Amino acid sequence: MSKETCVSRNRKKEGGGSGSRKERIGGFWNWKERMGGFWNRKERMGGFWNQRRKTLFWIRFAAIYLLVVLVDGLLMSPENYGVDYSAKFIAPCFAHPFGTDYMGRDMFFRSIKGLSNSIVIGLLASAVSSLIALAFGVAAAVKGGLIDQFVSWCVDLCMGIPHLMLLILISFMMGKGGTGVTAAVALTHWPELTRLVRAEAIQIRSAQYVQASYRMGKTWYEAAWQHMIPQVLPVYLIGVVLLFPHVIMHEAAITFLGFGFSPETPAIGVILSESMNHIATGKWWMAVFPGLLLLLAVMLFDVAGENLKRLLNPNSGNE
Amino acid sequence: MLEARNVGFRYRKDSPWVLRGVSLQVEAGERVALAGPSGYGKSTLAKILAGYERPVQGEVFWDGEVLDRKGYCPIQLIGQHPEKAVNPRWKMEKILRECWEPGEELLEKMGIQPSWMTRWPIELSGGELQRFCIARVLGPKTKFLVCDEISTMLDVIAQAQIWQVLLDETRKRGMGMLVITHNMALAKRVCTRVVELSNINQL
Numbered sequence: 160m161s162k163e164t165c166v167s168r169n170r171k172k173e174g175g176g177s178g179s180r181k182e183r184i185g186g187f188w189n190w191k192e193r194m195g196g197f198w199n200r201k202e203r204m205g206g207f208w209n210q211r212r213k214t215l216f217w218i219r220f221a222a223i224y225l226l227v228v229l230v231d232g233l234l235m236s237p238e239n240y241g242v243d244y245s246a247k248f249i250a251p252c253f254a255h256p257f258g259t260d261y262m263g264r265d266m267f268f269r270s271i272k273g274l275s276n277s278i279v280i281g282l283l284a285s286a287v288s289s290l291i292a293l294a295f296g297v298a299a300a301v302k303g304g305l306i307d308q309f310v311s312w313c314v315d316l317c318m319g320i321p322h323l324m325l326l327i328l329i330s331f332m333m334g335k336g337g338t339g340v341t342a343a344v345a346l347t348h349w350p351e352l353t354r355l356v357r358a359e360a361i362q363i364r365s366a367q368y369v370q371a372s373y374r375m376g377k378t379w380y381e382a383a384w385q386h387m388i389p390q391v392l393p394v395y396l397i398g399v400v401l402l403f404p405h406v407i408m409h410e411a412a413i414t415f416l417g418f419g420f421s422p423e424t425p426a427i428g429v430i431l432s433e434s435m436n437h438i439a440t441g442k443w444w445m446a447v448f449p450g451l452l453l454l455l456a457v458m459l460f461d462v463a464g465e466n467l468k469r470l471l472n473p474n475s476g477n478e
Numbered sequence: 693m694l695e696a697r698n699v700g701f702r703y704r705k706d707s708p709w710v711l712r713g714v715s716l717q718v719e720a721g722e723r724v725a726l727a728g729p730s731g732y733g734k735s736t737l738a739k740i741l742a743g744y745e746r747p748v749q750g751e752v753f754w755d756g757e758v759l760d761r762k763g764y765c766p767i768q769l770i771g772q773h774p775e776k777a778v779n780p781r782w783k784m785e786k787i788l789r790e791c792w793e794p795g796e797e798l799l800e801k802m803g804i805q806p807s808w809m810t811r812w813p814i815e816l817s818g819g820e821l822q823r824f825c826i827a828r829v830l831g832p833k834t835k836f837l838v839c840d841e842i843s844t845m846l847d848v849i850a851q852a853q854i855w856q857v858l859l860d861e862t863r864k865r866g867m868g869m870l871v872i873t874h875n876m877a878l879a880k881r882v883c884t885r886v887v888e889l890s891n892i893n894q895l
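Those protein sequences? They're chains X and S, same order as listed. Sequential numbering of the first sequence, starting at 160, is according to my numbering. Sequential numbering of the second sequence, starting at 693, is according to my numbering.
Some clues are possibly wrong.
Subject to a maximum C-alpha distance of 25 Å in a straight line, what follows is the list of computed DSS-like cross-link-like pairs (lysine-lysine) [as the list claims (entries may be wrong)]:
id : chain 1 : residue 1 : chain 2 : residue 2
1  : S       : K833      : S       : K801
2  : S       : K786      : S       : K835
3  : S       : K739      : S       : K762
4  : S       : K835      : S       : K864
5  : S       : K762      : X       : K377
6  : S       : K835      : S       : K801
7  : X       : K302      : X       : K377
8  : S       : K739      : S       : K835
9  : X       : K442      : X       : K247
10 : S       : K835      : S       : K776
11 : X       : K377      : S       : K739
12 : S       : K835      : S       : K880
13 : X       : K468      : S       : K776
14 : X       : K468      : S       : K786
15 : S       : K786      : S       : K776
16 : S       : K833      : S       : K739
17 : X       : K302      : S       : K762
18 : S       : K705      : X       : K302
19 : X       : K377      : S       : K833
20 : S       : K880      : S       : K739
21 : X       : K468      : X       : K213
22 : S       : K739      : S       : K776
23 : X       : K377      : S       : K835
24 : S       : K801      : S       : K864
25 : S       : K801      : S       : K783
26 : X       : K377      : S       : K776
27 : S       : K705      : S       : K739
28 : X       : K377      : S       : K786
29 : X       : K377      : S       : K783
30 : S       : K783      : X       : K468
31 : S       : K776      : X       : K302
32 : S       : K833      : S       : K762
33 : S       : K833      : S       : K776
34 : X       : K302      : S       : K739
35 : X       : K213      : S       : K783
Cβ-Cβ distance ranges computed for the label pairs, FRET-style [claimed, not checked]:
id : chain 1 : residue 1 : chain 2 : residue 2 : range
36 : X       : P237      : S       : K786      : 50 to 56 Å
37 : S       : Q717      : X       : M318      : 51 to 57 Å
38 : X       : L283      : S       : S817      : 44 to 50 Å
39 : S       : G818      : X       : W208      : 31 to 37 Å
40 : X       : W312      : S       : L895      : 38 to 44 Å
Keep in mind the hints are simulated off the structure, nothing from the lab. Only a predicted model underlies this, so the values are computations on that prediction, with no experimental measurement involved. Ideal placement from N, C-alpha and C gives every residue a C-beta, glycine not left out.
Turn these sequences into a full structure, and let the hints steer you where they fit.
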């Protein structure tokens, strides 16, 4: 064993905290050291991939994937997924990695464009819905009384109407198309999250440090902003993460029913519902690849949310 | 001057009275010990005096006026569970500076080390947290302190240190103090007079 290996191993025993970052990365690339601890997972991972780095890696990876798909879709020229009747139903090959559909449109570009559209709507709708939920939930908990009753009444009202019906009504009223779908999904996904946020905030409302904060001259607004919202954030983040796939599915559902995007717009919902017509005749690629892309996006969003939650929690934030 | 006039309190309409007809006066610069067995309502009275709870009967007066529930309360309560009195998601530095900027000198006298500032509350012990809870309410707007069993979780040397600081501050600024404790030796040493809660509570 070389002298350098000994030194870096000793450094590792000291906790790896000392020494510059460059030196530690040097230890990571030293294969002898890594192989030496091959059977001990903790030691093997301990050099570079600590919990914090892994967490940050997943957050960045998810953000980059979503961003690349989003930007790529937004900047894509429509010619890439144009109609070409001479190239109908081509199975996945080098020129068309995801194959083509019944009008000869390239499924790869169409899927990317569709996913990009879905991500835009998903982000917009979950942002709007979750902000409504946060404002309603915290206000209900902090102010109590009439405001609390009003919020609970709104929640019951929205949950009392079948969700799909509400989506169709709003989308139809707003003139269908992109605007209709976005407004419909953005305005109907807040009730469940409002309930969660309200329940969480009510628990914190009576905490001693919130009461002390009021005694120290803070207004209800300051107490809500500084004490309640950071505390509610984990629940809120999970809520947003769960909303995102929900919103995309609903967007696909109303599009499928004919109250959303027009059929020529590339959207994952449109693509998936179209592919159902051809799956019985063996055109598997039309459903599998767009489905996988969607699944990957939703799962990465989930992983990013989970890791963000871990990072924000003081009990695990320093791991 | 802090005055409770005929204060009565119960937690709900159908629950029994905890306090009834309690009257108490504490002058500025006076340090009163409030004694009594467990469960007699000492902490409840402390909460009412500091504005945490509204009395069901009677009123609390500060300098002759009814205690204002809005804005900074001149009567500040220090509780017996410091871990509950700090936001677990705030770093210590932010907790300490919630309502004023304590000077270096005070922090040193309280035995608060600069390295604690960047930690989370779960990374400090109860005694260490209590020093922060005391330091954060010693601002210039505080005129009266209600201390509810504040030194129970400290070792004897730390107790002496903290009480020394509190006595210095209250003497210097002519603040009044209400001290709830079971430790009669401490009460005699710190306070100018002792009040038995069962003597003033007309249940």
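The hints, checked one at a time:
1. Restraint check: the Cα-Cα separation between S/K833 and S/K801 comes to about 20 Å, which is no more than 25 Å; the hinted pair holds.
2. Annotation: proposed proximity of S/K786 to S/K835 holds, straight-line Cα distance about 23 Å (limit 25 Å).
3. Taking the CA atoms of S/K739 and S/K762, the gap is about 16 Å. The hint holds against a cut of 25 Å.
4. Distance check on the hinted pair: S/K835 and S/K864 sit about 12 Å apart at the alpha-carbon level, within 25 Å; holds.
5. A distance of roughly 9 Å separates the Cα atoms of S/K762 and X/K377; the hinted pair therefore holds under the 25 Å criterion.
6. Between S/K835 and S/K801 the CA atoms are separated by roughly 20 Å; this keeps the pair inside 25 Å, and the hint holds.
7. With a CA separation close to 14 Å, the supplied pair X/K302 and X/K377 stays within the 25 Å bound.
8. Restraint check for S/K739 and S/K835: satisfied, since their Cα atoms lie roughly 16 Å apart, inside the 25 Å limit.
9. Only pairs whose Cα atoms come within 25 Å are accepted, and X/K442 paired with X/K247 is accepted, the gap being roughly 11 Å.
10. Using a Cα cut-off of 25 Å, the hinted pair S/K835 and S/K776 holds, with the two alpha carbons roughly 24 Å apart.
11. Using a Cα cut-off of 25 Å, the hinted pair X/K377 and S/K739 holds, with the two alpha carbons roughly 18 Å apart.
12. A threshold of 25 Å between alpha carbons decides the hint, and for S/K835 with S/K880 the separation of about 22 Å falls inside it, so the pair holds.
13. Between the alpha carbons of X/K468 and S/K776 the distance comes to roughly 23 Å, so the proposed pair stays at or under 25 Å and holds.
14. Annotation: proposed proximity of X/K468 to S/K786 holds, straight-line Cα distance about 21 Å (limit 25 Å).
15. Distance hint between S/K786 and S/K776 is fulfilled; the C-alpha atoms sit about 16 Å from each other, no more than 25 Å.
16. At most 25 Å may separate the alpha-carbon atoms for a hinted pair to count; S/K833 and S/K739 meet this at roughly 19 Å.
17. Distance restraint check for X/K302 and S/K762: the Cα-Cα separation of roughly 15 Å lies within the 25 Å cut-off, and the hinted pair is therefore satisfied.
18. In summary, the hint linking S/K705 to X/K302 is supported, as the alpha carbons are separated by about 22 Å, within the 25 Å threshold.
19. Under the criterion of a C-alpha separation no larger than 25 Å, the hint pairing X/K377 with S/K833 is consistent with the structure, at around 14 Å.
20. As the CA atoms of S/K880 and S/K739 are separated by approximately 23 Å, the hinted pair is consistent with the 25 Å bound.
21. For the suggested pair X/K468 and X/K213, the alpha carbons sit about 14 Å apart, so the restraint of at most 25 Å is met.
22. Taking the CA atoms of S/K739 and S/K776, the gap is near 15 Å; set against the 25 Å cutoff, the hint holds.
23. Of the pairs offered as hints, the one joining X/K377 and S/K835 holds, with about 18 Å between alpha carbons and a cut-off of 25 Å not exceeded.
24. Distance hint between S/K801 and S/K864 is fulfilled; the C-alpha atoms sit about 15 Å from each other, no more than 25 Å.
25. Distance restraint check for S/K801 and S/K783: the Cα-Cα separation of roughly 21 Å lies within the 25 Å cut-off, and the hinted pair is therefore satisfied.
26. Proximity of X/K377 to S/K776 is assessed by CA-CA distance (about 18 Å); at most 25 Å being required, the pair is judged to hold.
27. A hinted pair counts as satisfied when its Cα atoms are at most 25 Å apart, and S/K705 with S/K739 qualifies at roughly 18 Å.
28. A C-alpha spacing of about 14 Å is found between X/K377 and S/K786, which places the hinted pair at or below 25 Å, so the restraint holds.
29. The straight-line distance between the Cα atoms of X/K377 and S/K783 is roughly 18 Å, inside the 25 Å bound, and the hint therefore holds.
30. Taken as a hint, the S/K783 and X/K468 pair is honoured in the structure, with Cα atoms around 17 Å apart against an allowance of 25 Å.
31. With a C-alpha separation of about 22 Å, the suggested pairing of S/K776 with X/K302 holds against the 25 Å cut-off.
32. Between S/K833 and S/K762 the alpha-carbon distance is near 14 Å, which keeps this suggested pair within the 25 Å criterion.
33. Pair hint S/K833 plus S/K776 holds up; C-alpha atoms about 23 Å apart against a cutoff of 25 Å.
34. With a C-alpha separation of about 21 Å, the suggested pair X/K302 and S/K739 falls inside the 25 Å cut-off, and the hint holds.
35. Distance hint between X/K213 and S/K783 is fulfilled; the C-alpha atoms sit about 24 Å from each other, no more than 25 Å.
36. Here the CB-CB span from X/P237 to S/K786 is close to 52 Å, well matched to the stated 50 to 56 Å.
37. Between S/Q717 and X/M318, the C-beta spacing of about 55 Å keeps the proposed range 51 to 57 Å intact.
38. For X/L283 paired with S/S817, a C-beta distance near 47 Å keeps the hint of 44 to 50 Å intact.
39. In this structure the hint that S/G818 and X/W208 lie 31 to 37 Å apart at CB holds, the actual value being about 36 Å.
40. Against the hinted window of 38 to 44 Å, the Cβ-Cβ separation of X/W312 and S/L895 comes to about 42 Å, which satisfies the hint.
Figure legend: structure checked against the earlier numbered hints; every hint is met.
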